[in-house]
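The listed protein sequences derive, respectively, from chains C and U. Heads up, the first sequence is in the numbering used here, so the first residue is 7 and it goes up one at a time. Heads up, the second sequence is in the numbering used here, so the first residue is 170 and it goes up one at a time.
None of these hints come from the bench; they were simulated from the model. Cβ coordinates follow ideal geometry from the N, Cα and C atoms, glycine included. Don't take every hint at face value.
[Unchecked claim] Part of the chain U face toward chain C, derived, beta carbon under 8 Å: (1) Val174; (2) Ala203; (3) Ala207; (4) Phe209; (5) Gln235.
[Stated by the list, open to error] A few chain U positions that, by computed beta-carbon distances, are all more than 12 Å from chain C: (6) Val251; (7) Val252; (8) Ala314.
[What the hints assert, rightly or not] Okay, the calculated beta carbon distance ranges per label pair: (9) C:Thr49 to U:Leu300: 29 to 37 Å; (10) U:Val244 to C:Leu91: 40 to 48 Å; (11) U:Leu187 to C:Tyr65: 21 to 29 Å; (12) U:Val251 to C:Leu91: 36 to 44 Å; (13) C:Leu91 to U:Leu212: 22 to 30 Å; (14) U:Ala231 to C:Asp95: 51 to 59 Å; (15) U:His205 to C:Leu38: 13 to 21 Å; (16) U:Leu232 to C:Leu91: 45 to 53 Å; (17) U:Leu187 to C:Val61: 42 to 50 Å; (18) U:Val296 to C:Pro198: 32 to 40 Å; (19) U:Ala211 to C:Ala46: 39 to 47 Å; (20) C:Lys108 to U:Val296: 32 to 40 Å; (21) C:Asp95 to U:Gly242: 41 to 49 Å.
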Amino acid sequence: MSQTPLPPTDSGIPTSARSEAPRRKLIDGSFLFIVAFALASATGCYWLKGPDIFVQALYDEGDLLVRVVPVVAGAVLLAAFVQVLVPTDLVKRWLGQDSGWKGVAVASILGAWVPGGPMASFPLMLAVIGAGAHIAASVAFLTSWSVLAVQRLIVWEIPLMGGDFALVRFLSSALLPPLAGWWAAWLHTRLPDSSPGNRA
Amino acid sequence: MILAVAIIWPAVLFCAILLWRGPRARAERALELARHNAAFIALRLPFALLGAGFVATLLPEALVAQWLGGESGFVGILIASVVGAFVPSGPIISFPLTLALAKAGVGVPQLVAFLAAWSVLSVHRLVSWELPLLDARFNLVRYAASLALPPLSGLIAALLV
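Extracted from the complex, chain C is given alone in its bound form (with noise of 0.2 Å):
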């Protein structure tokens, strides 16, 4: 990567947004949608498939669920541990404003590392991208963190999909973080400067 330097954008990040995220509550949304999903899915398969189909997959699940507990348990411990850890401070300055491309690079390759859905990363993100780093590098970074995670494959795609397939798709992605980050800095600079308040 070469050392251009990127046209100087803020992040467009308010400063209200560099709070931590809300804590999440244990019964919410998200939890009755599960629940409503699994009820309607075993409804369903019940209904349409019969008692035998349906004890099957109700056997599969639960040998399924035997299996990922070992390493969801360590994910949980991790993602937490992590987020404690993580020197944010030192993230912020490797992905500061006048790191140009290297910026965009040292994101696609940190992201990857943040382990945890929006509720637990969400706090480091906006720490990250409200701190001043370039709109590419923030790009860059919020792609690699979802797309690459190398949490989640550690402890959702091998396990589930198997090495292969989480390699071939791991390589398959390995690029769009950058060309993201790319891309975005392309639009920033084309796109009118319309809607009002948007800079902090």
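Chain C is already provided as a structure; the job is to place chain U on it using the hints.
Showing chain U alone in chain C's frame:
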């Protein structure tokens, strides 16, 4: 599965040692967070796996294979990219669902595009996290810059397999 356990638990142990040697308040915050996350997942995981497993029995395999099978080519990749963006959940549902799709005959490039769209273009995350917390222009630029990514990953996967 064993590989995943062998990777994740040493990492947990390493972080635990760092926390244990660090300030007490930080370690307590980490444990409290872990306890909360564990309760959060424990409530959801059984239902998510059951739901995905039952849905798998209901997938119309002939139809799925026709539209998203290995032979469906770029059209299948595009369909998978659109469908993936609208799956409203975390990995807890989407990976069991992806497994079900794979068993129903969906091709690898289509699965890759599906997962890329689910992660990069997630409408659910856009509405519940990005729109409320990030600014409108950032969201517009990021989303527009990402639209082509899932089909692109599907095409690259087609070259790889």
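Checked hints:
The interface hint given for Val174 of chain U holds, since its Cβ lies 5 Å from the closest Cβ of chain C, which is under the 8 Å cut-off. For Ala203 of chain U, the suggested interface contact is upheld, since its CB lies about 4 Å from the closest CB of chain C, less than 8 Å. Annotation: Ala207 of chain U was flagged as interfacial toward chain C, and the flag holds, the nearest CB pair being 5 Å apart, inside 8 Å. Because the beta carbon of Phe209 of chain U sits about 6 Å from the nearest beta carbon in chain C, less than 8 Å, this interface hint is met.
Below 8 Å, beta-carbon pairs count as interface contacts, and Gln235 of chain U has none with chain C, the closest being about 20 Å; its hint is therefore violated. For Val251 of chain U, the non-interface assignment is confirmed: its Cβ lies about 17 Å from the closest Cβ of chain C, beyond the 12 Å cut-off. Distance to chain C confirms Val252 of chain U as a non-interface residue, since its nearest Cβ pair spans about 16 Å, more than 12 Å. Some Cβ of chain C comes within 12 Å of the Cβ of Ala314 of chain U; the nearest lies about 4 Å off, and the non-interface call is violated.
In this structure, Thr49 of chain C and Leu300 of chain U meet the distance hint of 29 to 37 Å, their C-beta atoms being roughly 33 Å apart. As the Cβ distance of Val244 of chain U to Leu91 of chain C is approximately 46 Å, the hint placing it in 40 to 48 Å holds. Restraint check, Leu187 of chain U to Tyr65 of chain C: a C-beta distance of roughly 41 Å breaks the suggested window 21 to 29 Å. Between Val251 of chain U and Leu91 of chain C the beta carbon distance is about 38 Å. The supplied range of 36 to 44 Å therefore holds.
For the pair Leu91 of chain C and Leu212 of chain U, the beta carbons lie near 26 Å from each other, so the given range of 22 to 30 Å is met. Taking the beta carbon of each, Ala231 of chain U and Asp95 of chain C are about 55 Å apart, inside 51 to 59 Å as hinted. For His205 of chain U and Leu38 of chain C, the Cβ-Cβ distance of about 19 Å falls inside the hinted range of 13 to 21 Å, so the restraint holds. Distance hint for Leu232 of chain U and Leu91 of chain C: a CB-CB separation of about 47 Å, consistent with the stated range 45 to 53 Å.
Checked against the hint of 42 to 50 Å, the pair Leu187 of chain U and Val61 of chain C passes, with Cβ atoms roughly 46 Å apart. Range check, Val296 of chain U to Pro198 of chain C: about 24 Å between beta-carbon atoms, so the 32 to 40 Å window is missed. The given range of 39 to 47 Å is broken by Ala211 of chain U and Ala46 of chain C, whose C-beta atoms sit roughly 22 Å from each other. Restraint check, Lys108 of chain C to Val296 of chain U: a C-beta distance of roughly 33 Å satisfies the suggested window 32 to 40 Å.
Remark: the range hint 41 to 49 Å for Asp95 of chain C to Gly242 of chain U is upheld by a beta-carbon distance near 48 Å.
Consistency with the previously given hints fails for numbers 5, 8, 11, 18 and 19, ordered from lowest to highest.
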